[in-house]
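Given the coordinates of chain A, assemble chains B, C and D onto it according to the supplied hints.
Number of protein chains: 4
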Amino acid sequence: MKALMTAVVTLILCGTAHGQTLQTCYKSKWGPNDQIGALNNITADNVTSAAKLVKRGKAIRMGIETNSKTPAFPPRTFSITVLTPGQEYGGSLGETKTNYNDDIIAGWVGIGSQLDGLGHIGIDGVYYNCANGREFVTAAGLKKLGIETVPAIATRAVILDMVGLMGRDPVPEGTPFNRKEIDAALKRQGDMRINKGDVMIFYTGWTKLIGKDDKRYGSVEPGLGVDGANYLASLNVAMVGADTWGLEVVPFEDPKKVFYVHQILIPQNGIMILENVNAEEAVKDKVYEGLFTLGPSRITGAVQAIINPIFLY
Amino acid sequence: MKALMTAVVTLILCGTAHGQTLQTCYKSKWGPNDQIGALNNITADNVTSAAKLVKRGKAIRMGIETNSKTPAFPPRTFSITVLTPGQEYGGSLGETKTNYNDDIIAGWVGIGSQLDGLGHIGIDGVYYNCANGREFVTAAGLKKLGIETVPAIATRAVILDMVGLMGRDPVPEGTPFNRKEIDAALKRQGDMRINKGDVMIFYTGWTKLIGKDDKRYGSVEPGLGVDGANYLASLNVAMVGADTWGLEVVPFEDPKKVFYVHQILIPQNGIMILENVNAEEAVKDKVYEGLFTLGPSRITGAVQAIINPIFLY
Amino acid sequence: MKALMTAVVTLILCGTAHGQTLQTCYKSKWGPNDQIGALNNITADNVTSAAKLVKRGKAIRMGIETNSKTPAFPPRTFSITVLTPGQEYGGSLGETKTNYNDDIIAGWVGIGSQLDGLGHIGIDGVYYNCANGREFVTAAGLKKLGIETVPAIATRAVILDMVGLMGRDPVPEGTPFNRKEIDAALKRQGDMRINKGDVMIFYTGWTKLIGKDDKRYGSVEPGLGVDGANYLASLNVAMVGADTWGLEVVPFEDPKKVFYVHQILIPQNGIMILENVNAEEAVKDKVYEGLFTLGPSRITGAVQAIINPIFLY
Amino acid sequence: MKALMTAVVTLILCGTAHGQTLQTCYKSKWGPNDQIGALNNITADNVTSAAKLVKRGKAIRMGIETNSKTPAFPPRTFSITVLTPGQEYGGSLGETKTNYNDDIIAGWVGIGSQLDGLGHIGIDGVYYNCANGREFVTAAGLKKLGIETVPAIATRAVILDMVGLMGRDPVPEGTPFNRKEIDAALKRQGDMRINKGDVMIFYTGWTKLIGKDDKRYGSVEPGLGVDGANYLASLNVAMVGADTWGLEVVPFEDPKKVFYVHQILIPQNGIMILENVNAEEAVKDKVYEGLFTLGPSRITGAVQAIINPIFLY
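From first to last, the protein sequence lines stand for chains A, B, C and D.
For the first sequence, counting from 1, position 241 maps to 238 in this note's numbering; every step adds exactly one.
For the second sequence, counting from 1, position 280 maps to 277 in this note's numbering; every step adds exactly one.
For the third sequence, counting from 1, position 110 maps to 107 in this note's numbering; every step adds exactly one.
For the fourth sequence, counting from 1, position 71 maps to 68 in this note's numbering; every step adds exactly one.
Some hints here could point you the wrong way.
Computed list of lysine-lysine pairs in DSS-like fashion (alpha-carbon distance at most 27 angstroms, straight line) [to be verified]:
1. K140/C <-> K253/B
2. K55/D <-> K52/C
3. K49/D <-> K184/D
4. K55/B <-> K177/B
5. K52/B <-> K52/A
6. K184/B <-> K52/B
7. K283/D <-> K49/D
8. K212/B <-> K209/D
9. K26/D <-> K94/C
10. K254/B <-> K52/A
11. K184/C <-> K283/C
12. K94/A <-> K140/C
13. K94/D <-> K94/A
14. K140/B <-> K26/B
15. K94/A <-> K254/B
16. K94/B <-> K193/C
17. K212/D <-> K209/B
18. K94/A <-> K141/C
19. K253/A <-> K177/A
20. K283/B <-> K49/A
21. K55/D <-> K193/C
22. K281/D <-> K193/D
23. K209/A <-> K281/A
24. K184/A <-> K283/A
25. K140/D <-> K49/C
26. K254/A <-> K212/A
27. K177/B <-> K281/B
28. K205/C <-> K184/C
29. K49/B <-> K55/A
30. K283/B <-> K205/B
31. K140/B <-> K254/A
Selected chain B positions facing chain D (in silico; Cβ < 8 angstroms) [said to hold, decoys possible]:
32. T45
33. L80
34. P82
35. G83
36. E85
37. A103
38. G122
39. V134
Because the hints were derived from the structure by calculation, they are not lab data.
We put the beta carbon where it would ideally sit given N, CA and C, even for glycine.
Extracted from the complex, chain A is given alone in its bound form:
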């Protein structure tokens, strides 16, 4: 089928080529072929230094569960189906009577714990490193900036305990995290500093609302503000995440700037976003730095990934 209708489709693509001009766009400092952005900030030193933070021998998963009830940005839905192929009516395989279950997913990737790849957010049709949406976005998958291009991620993560800082659990919706709050959290956690190549994870307690008040959970959130996003970008962090559905503060600081923090991080600075990643267990252990590893499922041309980062300390 791949070869089908080539004539028609080629014609169509020619037909769509005219008309769009790119006024502004953000080039990667790692060159025109760069597809991984701020992950370039992670060096071998980041990896070895982070590995040295593994002291207690504890590994926690940061992923929350994804299923048909997980609150999600509309119209996202999710379902899984389990079946027993070839074994209907009591069949099994061979004299070993082998049985197996298999599973099928039909759903949007942006549900539960997610990685927002660099192909997720654009500015007026233009994406990270001046990628033109009309050229690399197809219904069959991204031709650039897809999740399959993400390298192995292993570096130090810094957890910012905003619950501890603000004394509210969860931190209320609409609370912005800007330079002031970020620095205060770092100071409170023992005068920590952020290094180039670090992954930043905010802890707000927000996932506690899931299943209890899904409407509140999904319509608003505390989170990163515009000033905070620019601050973290200036520090050359590798990724930024939070235990909320969208990382950035909602209602937005300026209601006309819709998901502007996403734009600052992703298309402007090439910083991928982690959503619904929960560092609660580390916070309870009063551990705020450790080795963060993430290997998103390498689905070719995918925009996002359902993830489960591992944090070791």
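Chains B, C and D alone, transformed into the frame defined by chain A:
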């Protein structure tokens, strides 16, 4: 909808309850509530020792790509669709002109790099820790042994370079890896030994066939034999994987014993299997041990996961 | 991919072949190759006679809507996604600026108005015309009795207005329609009689509950009883339907006989079932017979179809 | 979930409202609320007259099969999965030992025999009856012009045997059907005339290529030309279809006018299109007119439908 037709369904479940007896089954040594099997072998010591193996600061991804062309066990299929919700016909959001792409998956989980959970393979309808298939398997997902129960995985991995050992690349189909071959590989790699809680990864070069000879790739493979599976289980490894679609040798050593190695590992010993995990880069670096981390996407009730383990050294 | 893993799969199928014996089964009176059952009762005379019933020139659709909110038998779910492939970010095709929307379905077929094909219901693993479930049912589709085999359906339909007969709207759940009620309805509607090859449609008013009391709608229903099913089968009808989710009376007349009316109709007599087909408009017009036509989408190997029969009078 | 994130989404929709102006658009002659276009041409007289054409008592299905191998416009794909919910490992329901198969679809609607609804094709973002794409197109479905709004369709169909006319089977790709060819076909078939409210079906023999030369089948086709489309529209036909994947001639008569015939029929004249509808059996019977009935599955918000029209004569 969840509340619908409860009366009918309850009736149905009552109707199916009789009739099946469990002749033999394998209890977990970690108790009747255990759902994670040999992952219990991983201790804090495993984690800290493995972290010490991170010397060069290199992190590699072991996942291969998953897409509609990835050869897969029939009738498994896979597709992804990318779309721009709410932005049809040139729309964008707010005065920031924010755009976003989203993605939908319709596909079988067992495609590409996979984790076979303990709910994947059974013996005559009975699964790990004597779980009765009729009771925990539903079309809407597993009620036990689902992927969401898998803890953070971080431990030492030992890579066995079977290409180097056998001088064939790829190792030919039908080549069994049993105690003799495993011990020879360990010896060749500097008298390595396997520790309790290790993840074992065979390297065979098999994924080189993908896209070149999909038919050969998917119909046969070199891999773990029955004796080798029992040997690794006796050493209390945490997981076993390979760069092949099914880990175990195909054609099977005994053609009547269909996926018997899967049965030894999963239902008999609670050892999850990793498929299509590729350690080629480490082998090229002549590195055979390191820190292995894996956080499978926590899809509730899933049997398997599309994975991308991270290996650090 | 179709050619992949043939060796393994052949082995597996051999492995499952033994063990099941068919104690009883129902042969088709139209021969061992028959796949359409009672639709064989429809002759050219049925078609021409039914066409003569088209007097007012009115055509009504009997289908209800299918969407994510349509109450359905668990765990059935449904979703549709609309997208604009190749036109992201304001693109269009050619100087004609052609745009198009496309749509994707991810859902269970048994939602909304349905045709239950002869591969839907079996007795202890055996289906219509002694088809052995283990042999013709595969995860990739039915190899026999699939919806694609259904011929063009055009014949007289007789509508039985059970609301009018019983003076209850809707007819209460648990109300069985047996020979007595069927004959009474026919008599009330002008001493109608049922001919060989007719489609029978019960009108109960039940779909009025959709969106108002989905739980009641989907957990119980009035409908055909065991005696009524045998009666209609003895009259050689072509199909039987109703404006309920399951046609047959629920709670079942005998709670231990689960969907027994389905078994009488489908595997015993080769009579396909129509669910959620609504004849309300004809009932309001006091028209109880007309030309019924149905062409189910010919999805290869499908068990059911989402339908919208047309009734002309 | 439907209630989730209302605040955010409302904001977004406000944000996208500005900016698009509708230069030209085609209003329906049936008023601003019209959603069914030329189907309004079908009157009770059309229905009763067409029913009188049913003489032989023959009913044929015009639908071809839809499955994973059906050639389709890229990137459309299709799969069906059959499973036995709640009956895994030999279970059945009740003492009747009831079994059932169920089926799940994951696929694009535009595969196999299709109805192109009025929401399928637009002109620079504007659809039939001046519907603004930005307002009625959502990822969760069309808010206007969806397939669920299509009424029962029953009227006369006229089959135009272009194979017979042109003496080529199949008619070669790139052969346009314009007024001249249409009139010649009508004359050849006994001086037939087209009535207001008729459905026009071209027979080209093109589906014979499916499975034999899918590439040719799907990349080109004979079909309706621009002049022919305007001619049929001027005659107030109800629908136009053919036994090809796209009805209109490909290569297009003017290569810069991409799917211009689709635009003339759908957004300009409100005439829905039928694709891959095969009248071969009637042509073999030398029958060129009859009663055409169609009830597309009423999936809410769907753009298209997989169809199987019934033709009686």
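Against the structure, the hints:
1. Restraint check for K140/C and K253/B: satisfied, since their Cα atoms lie roughly 26 angstroms apart, inside the 27 angstroms limit.
2. Our distance criterion of 27 angstroms between C-alpha atoms is met by K55/D and K52/C, whose separation comes to about 20 angstroms.
3. A hinted pair counts as satisfied when its Cα atoms are at most 27 angstroms apart, and K49/D with K184/D qualifies at roughly 22 angstroms.
4. Restraint check for K55/B and K177/B: not satisfied, since their Cα atoms lie roughly 31 angstroms apart, outside the 27 angstroms limit.
5. A C-alpha spacing of about 16 angstroms is found between K52/B and K52/A, which places the hinted pair at or below 27 angstroms, so the restraint holds.
6. About 22 angstroms separates the Cα atoms of K184/B and K52/B, which keeps this hinted pair within 27 angstroms; it holds.
7. Proposed proximity of K283/D and K49/D is supported: the alpha carbons are some 18 angstroms apart, at most 27 angstroms.
8. For the suggested pair K212/B and K209/D, the alpha carbons sit about 22 angstroms apart, so the restraint of at most 27 angstroms is met.
9. For the suggested pair K26/D and K94/C, the alpha carbons sit about 24 angstroms apart, so the restraint of at most 27 angstroms is met.
10. A threshold of 27 angstroms between alpha carbons decides the hint, and for K254/B with K52/A the separation of about 45 angstroms lies outside it, so the pair is violated.
11. For the hint pairing K184/C with K283/C, the CA-to-CA distance comes to about 14 angstroms; that is within 27 angstroms, so the pair holds.
12. This hinted pair checks out: K94/A and K140/C have alpha carbons roughly 24 angstroms apart, not beyond 27 angstroms.
13. Distance hint between K94/D and K94/A is fulfilled; the C-alpha atoms sit about 23 angstroms from each other, no more than 27 angstroms.
14. The suggested pairing of K140/B with K26/B holds, with an alpha-carbon distance near 21 angstroms, which does not exceed 27 angstroms.
15. Pair hint K94/A plus K254/B holds up; C-alpha atoms about 8 angstroms apart against a cutoff of 27 angstroms.
16. Annotation: proposed proximity of K94/B to K193/C is violated, straight-line Cα distance about 65 angstroms (limit 27 angstroms).
17. Proximity of K212/D to K209/B is assessed by CA-CA distance (about 22 angstroms); at most 27 angstroms being required, the pair is judged to hold.
18. At roughly 26 angstroms between alpha-carbon atoms, K94/A and K141/C fall within 27 angstroms of each other, so this suggested pair holds.
19. For the proposed pair K253/A and K177/A, the alpha carbon gap of about 23 angstroms is at most 27 angstroms, so the pair holds.
20. At most 27 angstroms may separate the alpha-carbon atoms for a hinted pair to count; K283/B and K49/A meet this at roughly 23 angstroms.
21. The suggested pairing of K55/D with K193/C holds, with an alpha-carbon distance near 17 angstroms, which does not exceed 27 angstroms.
22. Proposed proximity of K281/D and K193/D is supported: the alpha carbons are some 26 angstroms apart, at most 27 angstroms.
23. With a CA separation close to 22 angstroms, the supplied pair K209/A and K281/A stays within the 27 angstroms bound.
24. With a CA separation close to 14 angstroms, the supplied pair K184/A and K283/A stays within the 27 angstroms bound.
25. This hinted pair does not check out: K140/D and K49/C have alpha carbons roughly 39 angstroms apart, beyond 27 angstroms.
26. For the suggested pair K254/A and K212/A, the alpha carbons sit about 22 angstroms apart, so the restraint of at most 27 angstroms is met.
27. Of the supplied pair hints, the one linking K177/B and K281/B holds, its CA atoms being roughly 24 angstroms apart against a limit of 27 angstroms.
28. Proximity of K205/C to K184/C is assessed by CA-CA distance (about 26 angstroms); at most 27 angstroms being required, the pair is judged to hold.
29. Under the criterion of a C-alpha separation no larger than 27 angstroms, the hint pairing K49/B with K55/A is consistent with the structure, at around 14 angstroms.
30. This hinted pair checks out: K283/B and K205/B have alpha carbons roughly 19 angstroms apart, not beyond 27 angstroms.
31. A hinted pair counts as satisfied when its Cα atoms are at most 27 angstroms apart, and K140/B with K254/A does not qualify at roughly 43 angstroms.
32. Of the supplied interface hints, the one on T45/B is violated, with its beta-carbon coming no nearer than about 42 angstroms to a beta-carbon of chain D, more than 8 angstroms.
33. Of the supplied interface hints, the one on L80/B holds, with its beta-carbon coming within about 6 angstroms of a beta-carbon of chain D, less than 8 angstroms.
34. Given hint, P82/B at the interface with chain D, holds; its Cβ is 4 angstroms from that chain's nearest Cβ, closer than 8 angstroms.
35. Nearest Cβ of chain D to the Cβ of G83/B: about 6 angstroms, under the 8 angstroms cut. The hint holds.
36. This hint holds: E85/B has a C-beta 5 angstroms from the nearest C-beta of chain D, less than the 8 angstroms allowed.
37. Look at A103/B: its Cβ gets to within about 4 angstroms of chain D, closer than 8 angstroms, so that hint holds up.
38. The interface hint given for G122/B holds, since its Cβ lies 4 angstroms from the closest Cβ of chain D, which is under the 8 angstroms cut-off.
39. At about 5 angstroms, the closest approach between the beta carbon of V134/B and any beta carbon in chain D falls short of 8 angstroms, and the interface hint on this residue holds.
The earlier numbered hints that this structure contradicts are 4, 10, 16, 25, 31, 32.
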